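Protein chains in written order, with this note's numbering: chain R, 26 to 292; chain D, 85 to 550.
These are computed hints drawn from the structure, not numbers from a lab. The model shown is predicted, which means the values in this text are computed figures rather than measured ones. It cannot be assumed that every hint is accurate.
[To be verified] Pairs of lysine to aspartate or glutamate residues, derived as EDC-like cross-links and limited to a Cα-Cα distance of at most 20 Å, are as follows: (1) D:K542 with R:E287; (2) D:K438 with D:E293; (3) D:K545 with R:D141; (4) D:K545 with R:E285; (5) D:K116 with D:E106; (6) D:K324 with D:E444; (7) D:K468 with D:E286; (8) R:K73 with R:D104; (9) D:K545 with D:E505; (10) D:K260 with D:E213; (11) D:K397 with D:E539; (12) D:K542 with D:E396; (13) D:K542 with R:E142; (14) D:K468 with D:E291; (15) D:K134 with D:E122; (16) D:K239 with D:D263; (17) D:K544 with R:E142; (18) D:K542 with R:E285; (19) D:K134 with D:D123; (20) D:K545 with D:D346; (21) D:K545 with D:D480; (22) D:K164 with D:E111; (23) D:K239 with D:E216; (24) D:K545 with D:E420; (25) D:K544 with R:D141; (26) D:K544 with R:E285; (27) R:K254 with R:E176; (28) D:K134 with D:E213; (29) D:K542 with R:E176; (30) D:K545 with R:E142.
[Claimed, not checked] The following residues of chain D were derived to be distant from chain R, with all beta-carbon distances above 12 Å: (31) E267; (32) Q301; (33) P371; (34) I406; (35) T522.
For each residue, glycine too, the CB sits at the ideal point set by N, CA and C.
The lines below spell out each chain.
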Amino acid sequence: MKERGTGPLAAGVDIGAATAKAVIIDGAGRVLSWAVIPTGHDVVRAGKAVYERALDGAFQSPMYVVSTGYGRRAVSFADRAVTEIICHAAGAHAAIPGTRTVIDIGGQDSKVIALDETGAVSNFVMNDKCAAGTGRFLEVMAGVLELDLSELGPVSLAGPNPCSISSTCAIFAETEVVSLRADGRSREDILAGLHKAMAHRVAIMGRAVGFREPVLFTGGVARNEGIKKALEKEIGLTIEAPEHPQIIGALGAAIIARAEMERSKSK
Amino acid sequence: MAAFYDGLLILCGFEPREIDAERPRIERAFEKLELGPEDMVEAEAWVREKHDVELAGLRKLLGAWLKELIDLVLAGEEGKRIVYYGFPAMVRPGYLIASSGENLYCACPDTILCHTMGQIFNRLDSILEAGEVGGLPPGHALCSLWQIKVGALAKGFIPPPDLAIASSYFCDMGSKADDLLAERYGTPIYYIDGTMDSAWGEYPDYEPERVEFLGAQLNGLFDMVSETIGVRIDPEAWEKANRFVLEYYTRLAEITGLMQNDPVPLSSTVIELATILPPACTGRGIPEATRALDLLIREARERVGQGRGVVEKGSPRVMLFIGNFSDPRISRMIEESGLAVPVSFFTAPAPWPKPTVRYESMGERMADSEMRQGLYHSTYGLVKRTEMAVQSTPVDGVISNYLFNCRPVALLSHIAKSWVEDRTGLPTLSLENDVYDTRSYNAQAMRTRVETFAEMLKAKKRAGTA
Chain R
26 MKERGTGPLA
36 AGVDIGAATA
46 KAVIIDGAGR
56 VLSWAVIPTG
66 HDVVRAGKAV
76 YERALDGAFQ
86 SPMYVVSTGY
96 GRRAVSFADR
106 AVTEIICHAA
116 GAHAAIPGTR
126 TVIDIGGQDS
136 KVIALDETGA
146 VSNFVMNDKC
156 AAGTGRFLEV
166 MAGVLELDLS
176 ELGPVSLAGP
186 NPCSISSTCA
196 IFAETEVVSL
206 RADGRSREDI
216 LAGLHKAMAH
226 RVAIMGRAVG
236 FREPVLFTGG
246 VARNEGIKKA
256 LEKEIGLTIE
266 APEHPQIIGA
276 LGAAIIARAE
286 MERSKSK
Chain D
85 MAAFYDGLLI
95 LCGFEPREID
105 AERPRIERAF
115 EKLELGPEDM
125 VEAEAWVREK
135 HDVELAGLRK
145 LLGAWLKELI
155 DLVLAGEEGK
165 RIVYYGFPAM
175 VRPGYLIASS
185 GENLYCACPD
195 TILCHTMGQI
205 FNRLDSILEA
215 GEVGGLPPGH
225 ALCSLWQIKV
235 GALAKGFIPP
245 PDLAIASSYF
255 CDMGSKADDL
265 LAERYGTPIY
275 YIDGTMDSAW
285 GEYPDYEPER
295 VEFLGAQLNG
305 LFDMVSETIG
315 VRIDPEAWEK
325 ANRFVLEYYT
335 RLAEITGLMQ
345 NDPVPLSSTV
355 IELATILPPA
365 CTGRGIPEAT
375 RALDLLIREA
385 RERVGQGRGV
395 VEKGSPRVML
405 FIGNFSDPRI
415 SRMIEESGLA
425 VPVSFFTAPA
435 PWPKPTVRYE
445 SMGERMADSE
455 MRQGLYHSTY
465 GLVKRTEMAV
475 QSTPVDGVIS
485 NYLFNCRPVA
495 LLSHIAKSWV
505 EDRTGLPTLS
515 LENDVYDTRS
525 YNAQAMRTRV
535 ETFAEMLKAK
545 KRAGTA
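Same shape as in the complex, but just chain R (with noise of 0.2 Å):
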């Protein structure tokens, strides 16, 4: 059933280089509807479907459209680009209050971002240079050791020793697995050292911006329990991970194109 809202809507459409999320808030910001597809190689057709399908859930047409992510600037529709750090953090705030640190992993990248007490960014940290600390370095792990990525925490969860994984390229690391497959180690335990490697990566990254609790977990990567525990040893922090982690950037782009259109009204 559509659900009507309250006042005008707004939407956000994330066109990330793994998948394409949309979402659709009301004026008073509750979700309405939301939708994640898979990028492919068309990213002005996936904004277009993806915000379609998420419209299918709503009454009526969003107002205004942020779009965010790599593809942000192929979203002709939308009335404004908004860089994915900046959304991320706006969708975080919104997600649970007063977080100051967003760890977001998504599929070819990964940032740290630190936020202010009123959710605006006050620094971050990027890598997009090295596959290792990104999703699709998992997935391409996920592959040698012939799991589905759902699988992966809890295969990882259930290794008592994590093997040391030396190589920080995710190509090298692949032909490493294979090795200590070779030498008999578990599945679970090259998991869980894979998970570890890839924890201490990330955490060096954001050494540079310093992590502060509460922490949030987005991107898809977010839903991975393995690596969740894994970057709670490495920080010695607690990490939250909200039910969707994959839609906190849309999210976060919707409530931007609420702002605007607030901001417009009351010129």
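Add chain D to chain R, keeping to what the hints say.
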């Protein structure tokens, strides 16, 4: 009769009579550089889009670089004795050598190629690839500036030198790249070694032995120049060099002063072109660029008077540590994001420590000056100078280049962000890129960082906390 290159050269500040007078040389240089009619069409569009060609001074500045390129490419077949020196370069040694002899060409060839084959023609990739094949392979964290020199030599774009001066006082990689010149072309090398290691926290002080050592190295250079290419340093050359430094840098300082206006009147790409030219070349580009600066001063004053600038009045202001040598898009991207760039590390009016000892030899006087400036002092000297530069300029933030494959500044790149933030309280963006090689970064990811930083600073400014 106009040729296929006239349009680009006119756009880059050449006078028609200059083109006519030099047509055979221009054609020969472009032939050697494999630049044809299509390249000129693309370059013209690129220059119009990426540079502020409304400014006659900017166009003349591009022309000054192009004239140096033509002279560089033809130096060998025109029978000149050729001296290459490494970058970053002390300004005076090259100029002392160049102004002491006739029929001499003395420059940093790689830096000229960045500013012309990169910034004007957008044709650096094939040179870089030739450098990778020619001895500095990819994936080994080797400097792309040296790949450009080695690649341009391998392609026959530039002639082998009669003497190469390695900037070992700053960079260990440059001397290794110059070793390739010795191996391939039999080029004699003079290594200007320094002692860049010093106690952490020492700057702005330094041990006199460091001046004596570097000074002796520089004095030795002049002996070798005499031995290898038969040029004795003219006793008047020191005064000439000082006169040039004063003339050029007085003008540059005036422009830097005008850049403090709000809105900032000129793009930081213009300042980059003007700042790097004197250490990169010693020929006719220098007087050409001096005249270009006169025009730029006039044009900047006009813009200030009209309240015109490259970004809106009241925009957040940032210090960009160093502009991109090969690609104007990065600096333009920063300005398109709504950030004004009034100053760089090299143009910040930070006070230099005064000399405490009067040295007699030319080498020691130069060495003492370089020690005081901090660039060749140590990593601590670099980071301390960065802090001093930031503190001397009213800015809202800092963009620090993270030059991941530059060994001399590897530690500076790593610590600059937290150092500046801790000591100045200014938000600092660490922008990972390679200022010579446009293949090494993802423009979209860079835009994400820059736009986020711009949004951060705008929000702080709106909130009155910047």
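Verification of the hints:
1. With a C-alpha separation of about 19 Å, the suggested pairing of K542 (chain D) with E287 (chain R) holds against the 20 Å cut-off.
2. Restraint check for K438 (chain D) and E293 (chain D): satisfied, since their Cα atoms lie roughly 18 Å apart, inside the 20 Å limit.
3. Pair hint K545 (chain D) plus D141 (chain R) holds up; C-alpha atoms about 15 Å apart against a cutoff of 20 Å.
4. At most 20 Å may separate the alpha-carbon atoms for a hinted pair to count; K545 (chain D) and E285 (chain R) meet this at roughly 18 Å.
5. Restraint check for K116 (chain D) and E106 (chain D): the C-alpha separation of about 16 Å stays at or below 20 Å, so the hint holds.
6. A C-alpha spacing of about 17 Å is found between K324 (chain D) and E444 (chain D), which places the hinted pair at or below 20 Å, so the restraint holds.
7. At roughly 10 Å between alpha-carbon atoms, K468 (chain D) and E286 (chain D) fall within 20 Å of each other, so this suggested pair holds.
8. Between K73 (chain R) and D104 (chain R) the alpha-carbon distance is near 14 Å, which keeps this suggested pair within the 20 Å criterion.
9. Of the supplied pair hints, the one linking K545 (chain D) and E505 (chain D) holds, its CA atoms being roughly 17 Å apart against a limit of 20 Å.
10. This hinted pair checks out: K260 (chain D) and E213 (chain D) have alpha carbons roughly 18 Å apart, not beyond 20 Å.
11. For the suggested pair K397 (chain D) and E539 (chain D), the alpha carbons sit about 16 Å apart, so the restraint of at most 20 Å is met.
12. Our distance criterion of 20 Å between C-alpha atoms is met by K542 (chain D) and E396 (chain D), whose separation comes to about 12 Å.
13. Simply put, K542 (chain D) and E142 (chain R) have alpha-carbon atoms about 17 Å apart, close enough for the 20 Å limit, and the pair holds.
14. Taken as a hint, the K468 (chain D) and E291 (chain D) pair is honoured in the structure, with Cα atoms around 17 Å apart against an allowance of 20 Å.
15. A threshold of 20 Å between alpha carbons decides the hint, and for K134 (chain D) with E122 (chain D) the separation of about 18 Å falls inside it, so the pair holds.
16. The hinted pair formed by K239 (chain D) and D263 (chain D) meets the criterion: a straight-line CA distance of about 18 Å does not exceed 20 Å.
17. Restraint check for K544 (chain D) and E142 (chain R): the C-alpha separation of about 13 Å stays at or below 20 Å, so the hint holds.
18. Restraint check for K542 (chain D) and E285 (chain R): satisfied, since their Cα atoms lie roughly 15 Å apart, inside the 20 Å limit.
19. A C-alpha spacing of about 16 Å is found between K134 (chain D) and D123 (chain D), which places the hinted pair at or below 20 Å, so the restraint holds.
20. Only pairs whose Cα atoms come within 20 Å are accepted, and K545 (chain D) paired with D346 (chain D) is accepted, the gap being roughly 15 Å.
21. For the hint pairing K545 (chain D) with D480 (chain D), the CA-to-CA distance comes to about 8 Å; that is within 20 Å, so the pair holds.
22. Taken as a hint, the K164 (chain D) and E111 (chain D) pair is honoured in the structure, with Cα atoms around 19 Å apart against an allowance of 20 Å.
23. Between K239 (chain D) and E216 (chain D) the alpha-carbon distance is near 12 Å, which keeps this suggested pair within the 20 Å criterion.
24. Distance restraint check for K545 (chain D) and E420 (chain D): the Cα-Cα separation of roughly 18 Å lies within the 20 Å cut-off, and the hinted pair is therefore satisfied.
25. The hinted pair formed by K544 (chain D) and D141 (chain R) meets the criterion: a straight-line CA distance of about 11 Å does not exceed 20 Å.
26. Under the criterion of a C-alpha separation no larger than 20 Å, the hint pairing K544 (chain D) with E285 (chain R) is consistent with the structure, at around 18 Å.
27. As the CA atoms of K254 (chain R) and E176 (chain R) are separated by approximately 15 Å, the hinted pair is consistent with the 20 Å bound.
28. Taking the CA atoms of K134 (chain D) and E213 (chain D), the gap is near 24 Å; set against the 20 Å cutoff, the hint is violated.
29. In summary, the hint linking K542 (chain D) to E176 (chain R) is not supported, as the alpha carbons are separated by about 43 Å, beyond the 20 Å threshold.
30. At most 20 Å may separate the alpha-carbon atoms for a hinted pair to count; K545 (chain D) and E142 (chain R) meet this at roughly 16 Å.
31. No beta-carbon of chain R is positioned within 12 Å of the beta-carbon of E267 (chain D); the least distance is around 31 Å.
32. For Q301 (chain D), the requirement that its beta carbon stay farther than 12 Å from each beta carbon of chain R is met, with the minimum near 37 Å.
33. Non-interface call for P371 (chain D) relative to chain R: holds, since the shortest CB-CB distance, roughly 42 Å, exceeds 12 Å.
34. With a closest Cβ-Cβ approach of about 20 Å to chain R, I406 (chain D) is found to remain outside the 12 Å limit, as its non-interface label requires.
35. The beta carbon of T522 (chain D) is kept farther than 12 Å from every beta carbon of chain R, the shortest such distance being approximately 15 Å.
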